[in-house]
Amino acid sequence: MKHSRTSGFFVALPFLLPSLIGFLVFSAIPIIATLLISLTNWDGLSQLTLTSDFQGFMKDYFIGVDNYKEIFTSTEFYQVLTNTLKFVILYIPLMIVISLCIAGILNSKARGVGFFRVVYYIPVITSWVAGSLIWRWALNPQYGIVNAILSAVGIQGPQWLQSPQWAMPAIVLASIWKDMGYFGLMLLSGLQGINHDYYEAAEIDGAGKVKRFFKITLPLLTPTLFFVLIIGMINSFQIFPQVMIMTPDGGPGGSTMVMVERIYKYGFTYYKMGTASALSWILFLIIMVLTFVQIKLQKRWVNYDN
Amino acid sequence: MITDFMKAKKIFSRVLYYIFALFLAFLICVPFFWMVVTSIKTNGAVMLLPVEWIPKQPSLDAYRKLFSIENFWSSVANSFYISVFCTVLRILCAAMAAFALAKIKFRGSKVLFSVFITALMIPPQTTFIPLFIIMGKLNLLNNLNAFLFLQMFNAFAIFMLYQKMQTINDAFIEAATIDGAGMWRIFFQIILPLCPGTLATLAILSFMDLWNDYLLPLVLLTDRANYTLPLILNSMQGQYSNQYNLMMAGSLLSIIPILIVYICAQKYFKEGLTVGGVKG
Numbered sequence: 001m002k003h004s005r006t007s008g009f010f011v012a013l014p015f016l017l018p019s020l021i022g023f024l025v026f027s028a029i030p031i032i033a034t035l036l037i038s039l040t041n042w043d044g045l046s047q048l049t050l051t052s053d054f055q056g057f058m059k060d061y062f063i064g065v066d067n068y069k070e071i072f073t074s075t076e077f078y079q080v081l082t083n084t085l086k087f088v089i090l091y092i093p094l095m096i097v098i099s100l101c102i103a104g105i106l107n108s109k110a111r112g113v114g115f116f117r118v119v120y121y122i123p124v125i126t127s128w129v130a131g132s133l134i135w136r137w138a139l140n141p142q143y144g145i146v147n148a149i150l151s152a153v154g155i156q157g158p159q160w161l162q163s164p165q166w167a168m169p170a171i172v173l174a175s176i177w178k179d180m181g182y183f184g185l186m187l188l189s190g191l192q193g194i195n196h197d198y199y200e201a202a203e204i205d206g207a208g209k210v211k212r213f214f215k216i217t218l219p220l221l222t223p224t225l226f227f228v229l230i231i232g233m234i235n236s237f238q239i240f241p242q243v244m245i246m247t248p249d250g251g252p253g254g255s256t257m258v259m260v261e262r263i264y265k266y267g268f269t270y271y272k273m274g275t276a277s278a279l280s281w282i283l284f285l286i287i288m289v290l291t292f293v294q295i296k297l298q299k300r301w302v303n304y305d306n
Numbered sequence: 001m002i003t004d005f006m007k008a009k010k011i012f013s014r015v016l017y018y019i020f021a022l023f024l025a026f027l028i029c030v031p032f033f034w035m036v037v038t039s040i041k042t043n044g045a046v047m048l049l050p051v052e053w054i055p056k057q058p059s060l061d062a063y064r065k066l067f068s069i070e071n072f073w074s075s076v077a078n079s080f081y082i083s084v085f086c087t088v089l090r091i092l093c094a095a096m097a098a099f100a101l102a103k104i105k106f107r108g109s110k111v112l113f114s115v116f117i118t119a120l121m122i123p124p125q126t127t128f129i130p131l132f133i134i135m136g137k138l139n140l141l142n143n144l145n146a147f148l149f150l151q152m153f154n155a156f157a158i159f160m161l162y163q164k165m166q167t168i169n170d171a172f173i174e175a176a177t178i179d180g181a182g183m184w185r186i187f188f189q190i191i192l193p194l195c196p197g198t199l200a201t202l203a204i205l206s207f208m209d210l211w212n213d214y215l216l217p218l219v220l221l222t223d224r225a226n227y228t229l230p231l232i233l234n235s236m237q238g239q240y241s242n243q244y245n246l247m248m249a250g251s252l253l254s255i256i257p258i259l260i261v262y263i264c265a266q267k268y269f270k271e272g273l274t275v276g277g278v279k280g
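Those protein sequences? They're chains E and W, same order as listed. Heads up, the first sequence is in full-length UniProt numbering, so the first residue is 1 and it goes up one at a time. Heads up, the second sequence is in full-length UniProt numbering, so the first residue is 1 and it goes up one at a time.
One should not assume that every hint holds.
[As the list claims (entries may be wrong)] Below, computed lysine-lysine pairings styled on DSBU-like, alpha-carbon distance capped at 35 Å:
| hint | chain 1 | residue 1 | chain 2 | residue 2 |
| --- | --- | --- | --- | --- |
| 1 | E | K296 | W | K105 |
| 2 | E | K296 | E | K209 |
| 3 | E | K69 | E | K265 |
| 4 | W | K7 | E | K209 |
| 5 | E | K299 | W | K267 |
| 6 | E | K69 | E | K272 |
Don't read these hints as lab results, they were simulated from the structure. Since the model is a prediction, treat every value here as computed from it, not as a measurement.
Okay, chain E solo, but in the shape it has when bound (with noise of 0.2 Å):
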């Protein structure tokens, strides 16, 4: 293009101009809001004050950091951080292995591969909301179907959504369900990136599947896996429909009390402004610390593969 730097800039505008106003608006004030409301007691009713004078708002609110002390100190935020942890340590495992058949799975050249695909997607593309629904249901220990299924084949089905031991699980195997179609397809494409060639040599070796598989694949999936992993750990900190829905009131004896479920609470249900905004922002640091870890590591990952 012919224009000059500087005239670029305001033939660029007004193409710029949407997107220039919704970040302002609504990704980069926001944050910095949070940032600023979690410094205080506000209780979001008393609106005006934050337009017409901000100063006078940060004077009648300011508690500095006591928002983010109480929130350390308080046993519930361990709480939430162990059963985040539990969900953590059930998913990710479960959610890898069985993405990783249906990877395998639609990775075959075997006929009705296109059926196996779109079936399973379908949960991916469900809304959390019906997802959550039925498996609210599904999950009925007495009308329910999972535990009818069990008991056909001999085995005493749990109370599920309403134990606090096996709460936290129903909501992982809720989630895995919904995410496994989505990570199966991300891991396929991992999969068909790998050059053949080095299959070809291994079998000429004579390396059997079992050997292809650790020797070969594992090894040149792990970018992949690695990318999957952090993913699935973000989506960790963040589950929220299926445990508004499926567990309402942070589940039995609070075993199903999560991050973004808090904040809501806290926000919404308490009107305590200033904690809500505080847990939202140690919500922000830790995703953002897992997408640097991402970041960096990817980096290094690429230059092992070439």
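Take the given structure of chain E and dock chain W to it, following the hints.
For chain W alone, kept in the frame of chain E given last:
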């Protein structure tokens, strides 16, 4: 002998493959099967023991009742309104920005692109509290049009379209400029028609996201008349807590439009996923 053995082994592994693949498909479908079956049961049959796998007296009671629920049809209309118009706006705004960043040279364009992409790291789960406040200030709380404004900036769409537009040869644009076409004409008549695949992929992914969205509607819409379909479904579990046939009928209906889009537009989902993989 050896060939027979190889053949048998091959057939055996094929059979094993299908057993495994079908078993997984079966597990995935059990909840859907349960949804469909429950939705055609009467309210009494839902709470029967032993559990009826196939209803003895199928009935459309649940659907009849669902259609008469207050604001059910308006929620369907609201969901369509948001999903369609937001998709169009999201893509238009993102395409404009991507065009400016990829095809117009100006100082700071690289920096601006990186800043926009950084926004991918800010998930909506961390900013809905200030978003609620900002929408309140803009008088857009409990207003469907709030969602239209939210589409002005979408980092993921910008990123995808930027990647695509970078592959477009500048010669097209130069030729058009010599012919006296302005930037807007170049954008609409040359650039946009050159990225149909990316636009379609984005349209489908956006429609799906918006149709299924739960958190932001939950926060921004308070009046039942403005509810989207997921919110009506969500409210049903409080109101009709034991009428699972009703909730399953609602869930089934909410899935159908997405299922149709999905089956008709298979290849775009595939594309979207591979690009989505870069999203990080």
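Next item on the list: Could you tell me which of the numbered hints above are not met by this structure, giving the numbers in increasing order?
Entry: Hints that this structure does not satisfy do not exist here, as all of them hold.
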